[in-house]
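Undergrad: Could you build all of it, start to finish, from the sequences and the hints given here?
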Amino acid sequence: MRSGRFRIADDVGHRIALEDVPEPSTVAHLINQRVRAIGTGSLGNDGQLKGVIAPSITPESLPSTWFARDSDDLTAELSKPGPSFGDGVELTDEEFADFMTFLKG
Numbered sequence: 815m816r817s818g819r820f821r822i823a824d825d826v827g828h829r830i831a832l833e834d835v836p837e838p839s840t841v842a843h844l845i846n847q848r849v850r851a852i853g854t855g856s857l858g859n860d861g862q863l864k865g866v867i868a869p870s871i872t873p874e875s876l877p878s879t880w881f882a883r884d885s886d887d888l889t890a891e892l893s894k895p896g897p898s899f900g901d902g903v904e905l906t907d908e909e910f911a912d913f914m915t916f917l918k919g
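Residue numbers for the sequence shown, in our numbering: 815 to 919.
Bear in mind the hints are in silico, worked out from the structure with no lab data behind them. Just so you know, even glycine gets a beta-carbon here, dropped at the ideal spot from N, CA and C. Be a bit skeptical, because a hint or two may be false.
Pairwise CB distance ranges (calculated) [what the hints assert, rightly or not]: (1) PRO877 x THR840: 18 to 28 angstroms; (2) ASP907 x PRO873: 30 to 40 angstroms; (3) THR915 x ARG850: 38 to 48 angstroms; (4) ARG883 x HIS843: 22 to 32 angstroms; (5) GLY858 x SER817: 15 to 25 angstroms.
TA: Below is the structure:
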């Protein structure tokens, strides 16, 4: 914490380093909470965001649309049948081989 270095994870699990956080003791209480970090991005050799330098960090709450409302009755939705086996996409042997070759890249 004294070093001004933290790490956050975005909504899909990418870990992003926060470097040179100004006054780290003022944001330490936000550890394990949802936050917004705004600052200068640093990119890795692959062009992906790897960190944010000197970010301002503020608490952030989840959007209300991410939560079920108390009035939502999910019983009907949960009682629907799930997928049945054998109803998937039919591939020829050649299509399947092409698909596997693509995956192996």
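Undergrad: With reference to the structure, classify each hint as holding or not holding.
TA: Hints versus structure:
1. PRO877 x THR840: 18 to 28 angstroms: Cβ of PRO877 to Cβ of THR840: about 26 angstroms, so the range 18 to 28 angstroms holds.
2. ASP907 x PRO873: 30 to 40 angstroms: violated, 55 angstroms
3. THR915 x ARG850: 38 to 48 angstroms: Holds - the Cβ-Cβ distance for THR915 and ARG850, about 42 angstroms, lies within 38 to 48 angstroms.
4. ARG883 x HIS843: 22 to 32 angstroms: holds, 30 angstroms
5. GLY858 x SER817: 15 to 25 angstroms: Holds, since GLY858 and SER817 (Cβ atoms, about 21 angstroms apart) stay within the stated range.
Violated hints amount to a single one, hint 2; each of the other numbered hints is respected by the structure.
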